[in-house]
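Turn these sequences into a full structure, and let the hints steer you where they fit.
So the sequence lines, in the order shown, correspond to chains Y and A.
Residue numbers for the first sequence follow the numbering used here, so the first one is 1 and each next one is one higher.
Residue numbers for the second sequence follow the numbering used here, so the first one is 115 and each next one is one higher.
Just to be clear, a hint being listed does not mean it is correct.
To be verified - Only pairs whose alpha carbons sit at most 27 Å apart, straight line, appear in this in silico DSS-like list of lysine-lysine:
1) Y:Lys22 / A:Lys156
2) A:Lys116 / Y:Lys18
3) A:Lys193 / A:Lys116
4) Y:Lys19 / A:Lys193
5) Y:Lys19 / A:Lys116
6) A:Lys116 / Y:Lys9
7) A:Lys210 / Y:Lys41
8) A:Lys159 / Y:Lys53
9) Y:Lys40 / A:Lys156
10) Y:Lys9 / Y:Lys41
11) A:Lys210 / Y:Lys38
12) Y:Lys53 / A:Lys193
13) Y:Lys41 / Y:Lys19
14) A:Lys116 / Y:Lys22
It should be emphasised that the hints constitute simulated quantities derived from the structure, not laboratory data.
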Amino acid sequence: DTEVTQTPKHLVMGMTNKKSLKCEQHMGHRAMYWYKQKAKKPPELMFVYSYEKLSINESVPSRFSPECPNSSLLNLHLHALQPEDSALYLCASSLGQTSNYGYTFGSGTRLTVV
Amino acid sequence: RKEVEQDPGPFNVPEGATVAFNCTYSNSASQSFFWYRQDCRKEPKLLMSVYSSGNEDGRFTAQLNRASQYISLLIRDSKLSDSATYLCVVKSGYNKLIFGAGTRLAVHP
Numbered sequence: 001d002t003e004v005t006q007t008p009k010h011l012v013m014g015m016t017n018k019k020s021l022k023c024e025q026h027m028g029h030r031a032m033y034w035y036k037q038k039a040k041k042p043p044e045l046m047f048v049y050s051y052e053k054l055s056i057n058e059s060v061p062s063r064f065s066p067e068c069p070n071s072s073l074l075n076l077h078l079h080a081l082q083p084e085d086s087a088l089y090l091c092a093s094s095l096g097q098t099s100n101y102g103y104t105f106g107s108g109t110r111l112t113v114v
Numbered sequence: 115r116k117e118v119e120q121d122p123g124p125f126n127v128p129e130g131a132t133v134a135f136n137c138t139y140s141n142s143a144s145q146s147f148f149w150y151r152q153d154c155r156k157e158p159k160l161l162m163s164v165y166s167s168g169n170e171d172g173r174f175t176a177q178l179n180r181a182s183q184y185i186s187l188l189i190r191d192s193k194l195s196d197s198a199t200y201l202c203v204v205k206s207g208y209n210k211l212i213f214g215a216g217t218r219l220a221v222h223p
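And the structure:
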C-alpha cells in the first residue's frame with residue numbers, strides 16, 4: 001500500500017460548523033503533515049507530526065486543531081472557519097521527518113467555507 | 115526574498131521540444147531537493163529527487179549546484195501528457211519541505 005488516503009474529498013461547511021478532515025497511511029511512515037493550498041499557489045505547511053507528536057506548528061490559527069491518534073492516522077479538526085480558509089487541504093507522509101526522501105501526498109480535501 | 119524561487123512561466127512548447135526549468139533557493143543549509151509535478155486540481159506527485167551528481171529518469175534530467183544554490187530540470191522530447199505545473203521543492207534546515215511557486219508547462223500538438 002503506497003497511498004495516503006484523505007476523506008472527505010469535498011466539504012462545504014458554514015462558519016459556525018465543526019468538521020474534521022481525516023488522513024490515513026499504511027506505509028509505516030512516522031512523519032505526517034498538513035498542507036494548505038490556495039488556487040494557483042504552492043502548498044504551504046501547516047503542521048508536522050513526528051512519531052505521533054506535534055513537531056512543527058507554522059503559527060496556524062487555533063480554529064485549526066490537528067490530532068494524531070496513532071502512527072497511521074492524522075486528523076484536522078475545524079471550527080469557526082472563515083471564508084478565506086477555503087482551500088485544498090493536503091495530507092502527506094514520509095518515512096521520517098529527517099529522512100531525505102520526498103513526501104507522499106494524499107489527493108486532498110477541497111474545503112469551501114460559506 | 116522567497117526561500118525557493120522559480121520562473122512561473124507559462125512555457126508553451128510544441129511536442130518533441132526540449133524545455134528547461136530553473137530554480138534557486140536561499141537557505142544554504144537546505145538538505146534535500148526535489149521536483150514535483152502537479153496537475154490541475156490534483157495533489158503534487160514526486161517526479162524525482164535531485165542530487166549534486168545529477169540524475170536522469172528517462173526523458174527527465176535534474177541537476178543541483180550547491181555552490182550557486184541552483185536546481186534545474188530538463189525535459190527532452192516533450193509529450194502532451196507532460197503539461198502540468200512543475201514545483202521545485204527544497205527540504206529546509208528545519209526538516210520542512212518548502213515549495214516554489216511552480217512553473218507551468220503547456221505542450222501543444
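Hints, verified against the model:
1. The suggested pairing of Lys22 (chain Y) with Lys156 (chain A) holds, with an alpha-carbon distance near 17 Å, which does not exceed 27 Å.
2. A threshold of 27 Å between alpha carbons decides the hint, and for Lys116 (chain A) with Lys18 (chain Y) the separation of about 34 Å lies outside it, so the pair is violated.
3. With a C-alpha separation of about 31 Å, the suggested pair Lys193 (chain A) and Lys116 (chain A) falls outside the 27 Å cut-off, and the hint is violated.
4. Among the hinted pairs, Lys19 (chain Y) with Lys193 (chain A) is inconsistent with the structure: their alpha-carbon atoms are about 42 Å apart, more than 27 Å.
5. For the given pair, Lys19 (chain Y) sits about 33 Å from Lys116 (chain A) by alpha-carbon distance, which is inconsistent with the 27 Å threshold.
6. Distance restraint check for Lys116 (chain A) and Lys9 (chain Y): the Cα-Cα separation of roughly 31 Å exceeds the 27 Å cut-off, and the hinted pair is therefore not satisfied.
7. Simply put, Lys210 (chain A) and Lys41 (chain Y) have alpha-carbon atoms about 18 Å apart, close enough for the 27 Å limit, and the pair holds.
8. Distance hint between Lys159 (chain A) and Lys53 (chain Y) is fulfilled; the C-alpha atoms sit about 26 Å from each other, no more than 27 Å.
9. Among the hinted pairs, Lys40 (chain Y) with Lys156 (chain A) is consistent with the structure: their alpha-carbon atoms are about 12 Å apart, no more than 27 Å.
10. For the proposed pair Lys9 (chain Y) and Lys41 (chain Y), the alpha carbon gap of about 19 Å is at most 27 Å, so the pair holds.
11. The hinted pair formed by Lys210 (chain A) and Lys38 (chain Y) meets the criterion: a straight-line CA distance of about 19 Å does not exceed 27 Å.
12. Simply put, Lys53 (chain Y) and Lys193 (chain A) have alpha-carbon atoms about 43 Å apart, too far for the 27 Å limit, and the pair is violated.
13. Proposed proximity of Lys41 (chain Y) and Lys19 (chain Y) is supported: the alpha carbons are some 24 Å apart, at most 27 Å.
14. Proximity of Lys116 (chain A) to Lys22 (chain Y) is assessed by CA-CA distance (about 31 Å); at most 27 Å being required, the pair is judged violated.
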